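There are 2 protein chains.
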Amino acid sequence: MLETMERLVALDRERALLVHIGAILGWDQETYMPENAIEERAEQLAMIEGLAHEKAVRPEIGELLASAEARTDLDEAAKAYLKVARREFNKETKLPSRLVTEMAKQTSLSQAAWIQARKNDDFSAFAPHLSTMIDLNLEMASALDPDSPAYDVLLDLYEIGSDQCGTAAVFATMKADLLRILGKITASAQVDDSFLSRKVSPADQKAMNEYLLDALGFDRKRGRLDVTAHPFTTTLGRQDIRITTRYLEDYFPSSIFSTIHEAGHAFYEMGINPYPDYQGTRLAEAVSMGIHESQSRLLENIVGRSFSFWSCHYPTIKELAKGSLDGVDLEAFVKAINKVEPSLIRVEADEVTYGLHIIARFELESALISRTLAVKDLPEAWNAKMKELLGLEVPDNARGCLQDIHWSMGAFGYFPSYALGNLYAAQFWDSLKEALPEAEQGMEAGEIAPILGWLERNIHELGATYLPHELVWRVSGKPLDPSHFATYLEEKYRRIYGW
Amino acid sequence: MLETMERLVALDRERALLVHIGAILGWDQETYMPENAIEERAEQLAMIEGLAHEKAVRPEIGELLASAEARTDLDEAAKAYLKVARREFNKETKLPSRLVTEMAKQTSLSQAAWIQARKNDDFSAFAPHLSTMIDLNLEMASALDPDSPAYDVLLDLYEIGSDQCGTAAVFATMKADLLRILGKITASAQVDDSFLSRKVSPADQKAMNEYLLDALGFDRKRGRLDVTAHPFTTTLGRQDIRITTRYLEDYFPSSIFSTIHEAGHAFYEMGINPYPDYQGTRLAEAVSMGIHESQSRLLENIVGRSFSFWSCHYPTIKELAKGSLDGVDLEAFVKAINKVEPSLIRVEADEVTYGLHIIARFELESALISRTLAVKDLPEAWNAKMKELLGLEVPDNARGCLQDIHWSMGAFGYFPSYALGNLYAAQFWDSLKEALPEAEQGMEAGEIAPILGWLERNIHELGATYLPHELVWRVSGKPLDPSHFATYLEEKYRRIYGW
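Here the protein sequences come in this chain order: F and Y. Note that the first sequence covers residues 161 to 659 in our numbering. Note that the second sequence covers residues 161 to 659 in our numbering.
Hints were generated in silico from the structure; no laboratory data involved. Some hints here could point you the wrong way.
Among the chain F residues that face chain Y by a calculated CB cut under 10 Å, a handful are [unchecked claim]:
#1 Leu177
#2 Glu195
#3 Asp641
Calculated lysine-lysine pairs in the DSSO-like style (CA-CA distance at most 30 Å, straight line) [unchecked claim]:
#4 F:Lys254 <-> F:Lys279
#5 Y:Lys254 <-> F:Lys215
#6 F:Lys366 <-> Y:Lys499
#7 Y:Lys265 <-> F:Lys215
#8 F:Lys215 <-> Y:Lys251
#9 Y:Lys279 <-> F:Lys381
#10 Y:Lys366 <-> Y:Lys495
#11 F:Lys381 <-> F:Lys499
#12 F:Lys366 <-> F:Lys381
#13 F:Lys381 <-> Y:Lys366
#14 F:Lys482 <-> F:Lys366
#15 F:Lys638 <-> F:Lys652
#16 Y:Lys254 <-> Y:Lys243
#17 F:Lys215 <-> F:Lys344
#18 Y:Lys381 <-> F:Lys482
#19 F:Lys239 <-> F:Lys638
#20 Y:Lys381 <-> F:Lys366
#21 Y:Lys359 <-> F:Lys482
#22 Y:Lys547 <-> F:Lys254
#23 F:Lys366 <-> Y:Lys251
#24 Y:Lys482 <-> F:Lys251
#25 Y:Lys482 <-> F:Lys482
#26 F:Lys545 <-> F:Lys381
#27 Y:Lys366 <-> F:Lys359
#28 F:Lys279 <-> Y:Lys482
#29 Y:Lys243 <-> F:Lys215
#30 Y:Lys381 <-> F:Lys265
#31 F:Lys359 <-> Y:Lys482
#32 F:Lys366 <-> Y:Lys215
#33 F:Lys381 <-> Y:Lys265
#34 F:Lys547 <-> F:Lys536
#35 Y:Lys251 <-> F:Lys265
On a predicted model such as this, the values are computed, not experimentally measured, just so you know. Even for Gly, the Cβ is constructed at its ideal location relative to N, Cα and C.
Sequences and hints are given; from them, build the entire structure.
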């Protein structure tokens, strides 16, 4: 390995160590931290983030990058690393630290205001903060790339290589597909899922989760499951990937599917390993939010809500439910966990209506960023979208435009990755089935390892080596094509709703 | 506040933030970290320790200290702070960073070798590491103060202001007291504690611990209880003090007394608050290990093993024991938890023989440091001490000189603070009883707050403002006097053993 590359990797690893330390602080804050510790924890996080940023923008890195890029004797690994390292270095050095500090400060204030506003159903209290977050995002976009439309620059932060036009085109197709399928479902007899609201204690739900994690082969020496208000996955180190869940006593599927979902994220993080020399660098990180989401959605929905998966695991889950699933057979259970019904809250949405929630947010946030929608008009625009896409009246802003945390955090351009994740997942799944025709049948015998092994080799391992659209090409031999997702939904719901 | 002082405090707080971040990494490592994460965790800890050291030795601090020390208009708080800050700055800057790095590295190797050696009862495998740790400690002592005997310098690191001569004199008196009391106990009929080995599930022990923490007024908004292999207390922030315990199914007192012990440490940390302007600095840290231990011992033994305390809490603990204390009355229970019997393992020793274990280690480690005892002769010397002080034959080194972790970590001069803690505790307790004559009777009604309030005002709050011997003077009006501990033990065990 060239000396230049060795030094770059060493500097990058120091930054990554600090990022992982920040992740420990964040994880502890959500899981075990006593409540009065919050102020000092914020200071600790700010210090670590500051140190990580300092490490990331050292002028030495710029010099080393330039010197390495000028060479003609680089191997494939070095080339892949330089691409990622250059991209991130440019990004971090382009942002004035005044703006970074201002965003951190305004995000804190804005999030606190959002929590109150949602609680009080008071959009006007949140509106000025939302305006500030939009202003700051526009400033950031202009600092990063003054020549491109702001929303393109923001989208690129979460789903690198994507832009507003391409995303809108993909979403237009997806919207038509989803509305068509939703129409067929609405015209069919609804499935019964009333038994899913029978009480199951958190201890029994925990036993279900531990059983499912074992069934999936989740390695406890490299990860763990804890309880938080909102489930998440976080990387505390290359050998330390943690997931969380929550327990609703009167709806246990919430817990088991969030666990499988987060396990999907965790398997991706655990599997990243592009080139041994570049462990612990930016090349050994996930490429995008959308690809990440594809791995969690694939495991949660395509695997975790399938008849094949449950034909193996339902007997045990039924037993662990301690009577709450008595009289419910496999068929009824799988139908219930796949019930489709338009609803107001994104995070509770089914596989079909979920994409419509995302389209609404994509259209609204791109309009906010292009200033064609004024902040004060957001509630009305939101409610119109919900009516148009889901046929629902929104009774209040708490269940409307105030429901999600993202905009209060200044995350514009993030939402599309949730829907892209579903599209990627279905496309990857078709490639997987082609390579492993026995995969679905294997699930009936509890065999998940071949599926996870294929995902690891074809997606996880590569880390940030390929951009999302390059990865999709590599895996499936063609660009992103929403028809895979539509076909998957068609087949699945035809069986469940029997049209 | 002077500008110089403000800047000093700001720099000190940055260091403290990093120390607290290091504490989170350490706490997580012992409680929840997946096992494969250990290597990267070591790197993370090394990085944070390195950054904290860098912050602590910045030349700017030296300049600010000198400029502040030259002033004649300092208030009491500034003077107190400067004393502590100067002391620590001198200490940190005197140690060559090569030595600090070497010690960190050798400590890792030595600890790993000790774990194996203890497991295999193989002293010879540990001996070379012990020699290295002694060499490094001598080098450190000489760097810190080339003009004083090495063991004095090392003692001062843990119990500031103490030296070998003074400690030996105090221990000589204590030794005579302990042997006299032990003699009386040995001549009396032994108490029965066989029922303490009845099975109590970890869940039931946890309920006992939570009950006792509530009874003591432990603030869950500022702390929490978790489970680790070895119980400890750690400070993750001014508002975040965590304690741990462990559960032995066939000896539940181990868990409840370790919990009360660690709560004693935690109350000290929670109570530190010398001057508002100096929060988060070295002045707002514990003054010494011995004073720390006095607070845990006072709560565990003087309060937590008293008839008064249990006359209030025994009924609930008996209930929580779910039958395992049936037929055991208050009198029998309190006698059992105070049973005295010479034994081989320090951490399992009773209040009387505990001090003898410490004296043995003090005598042996001071001989190792003065090179009057060779490493290879340690096992023999150890076994002779155990015979002399406790009348016991040591069957193997695992239960002999390999039982404690301290020397493998290079901590020489640490052990005395455990015994000093007992002496301080008894002396503080006598002052407390003088100020609050109703304290003991109050315990029978469950009133602990007046006791903890007195400790907070007279000891905890002060932080590092006074050296241990100054604090003892301030609280009791005289120097350290081991007769308080002897009298306490005499009175307690006269009642229990009925001589």
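Cross-check of the supplied hints:
{"no.": "1", "hint": "Leu177", "result": "5 Å, holds"}
{"no.": "2", "hint": "Glu195", "result": "5 Å, holds"}
{"no.": "3", "hint": "Asp641", "result": "38 Å, violated"}
{"no.": "4", "hint": "F:Lys254 <-> F:Lys279", "result": "37 Å, violated"}
{"no.": "5", "hint": "Y:Lys254 <-> F:Lys215", "result": "28 Å, holds"}
{"no.": "6", "hint": "F:Lys366 <-> Y:Lys499", "result": "41 Å, violated"}
{"no.": "7", "hint": "Y:Lys265 <-> F:Lys215", "result": "25 Å, holds"}
{"no.": "8", "hint": "F:Lys215 <-> Y:Lys251", "result": "29 Å, holds"}
{"no.": "9", "hint": "Y:Lys279 <-> F:Lys381", "result": "23 Å, holds"}
{"no.": "10", "hint": "Y:Lys366 <-> Y:Lys495", "result": "23 Å, holds"}
{"no.": "11", "hint": "F:Lys381 <-> F:Lys499", "result": "36 Å, violated"}
{"no.": "12", "hint": "F:Lys366 <-> F:Lys381", "result": "18 Å, holds"}
{"no.": "13", "hint": "F:Lys381 <-> Y:Lys366", "result": "25 Å, holds"}
{"no.": "14", "hint": "F:Lys482 <-> F:Lys366", "result": "13 Å, holds"}
{"no.": "15", "hint": "F:Lys638 <-> F:Lys652", "result": "24 Å, holds"}
{"no.": "16", "hint": "Y:Lys254 <-> Y:Lys243", "result": "17 Å, holds"}
{"no.": "17", "hint": "F:Lys215 <-> F:Lys344", "result": "55 Å, violated"}
{"no.": "18", "hint": "Y:Lys381 <-> F:Lys482", "result": "35 Å, violated"}
{"no.": "19", "hint": "F:Lys239 <-> F:Lys638", "result": "24 Å, holds"}
{"no.": "20", "hint": "Y:Lys381 <-> F:Lys366", "result": "25 Å, holds"}
{"no.": "21", "hint": "Y:Lys359 <-> F:Lys482", "result": "28 Å, holds"}
{"no.": "22", "hint": "Y:Lys547 <-> F:Lys254", "result": "72 Å, violated"}
{"no.": "23", "hint": "F:Lys366 <-> Y:Lys251", "result": "50 Å, violated"}
{"no.": "24", "hint": "Y:Lys482 <-> F:Lys251", "result": "62 Å, violated"}
{"no.": "25", "hint": "Y:Lys482 <-> F:Lys482", "result": "25 Å, holds"}
{"no.": "26", "hint": "F:Lys545 <-> F:Lys381", "result": "46 Å, violated"}
{"no.": "27", "hint": "Y:Lys366 <-> F:Lys359", "result": "26 Å, holds"}
{"no.": "28", "hint": "F:Lys279 <-> Y:Lys482", "result": "44 Å, violated"}
{"no.": "29", "hint": "Y:Lys243 <-> F:Lys215", "result": "34 Å, violated"}
{"no.": "30", "hint": "Y:Lys381 <-> F:Lys265", "result": "25 Å, holds"}
{"no.": "31", "hint": "F:Lys359 <-> Y:Lys482", "result": "28 Å, holds"}
{"no.": "32", "hint": "F:Lys366 <-> Y:Lys215", "result": "44 Å, violated"}
{"no.": "33", "hint": "F:Lys381 <-> Y:Lys265", "result": "25 Å, holds"}
{"no.": "34", "hint": "F:Lys547 <-> F:Lys536", "result": "19 Å, holds"}
{"no.": "35", "hint": "Y:Lys251 <-> F:Lys265", "result": "37 Å, violated"}
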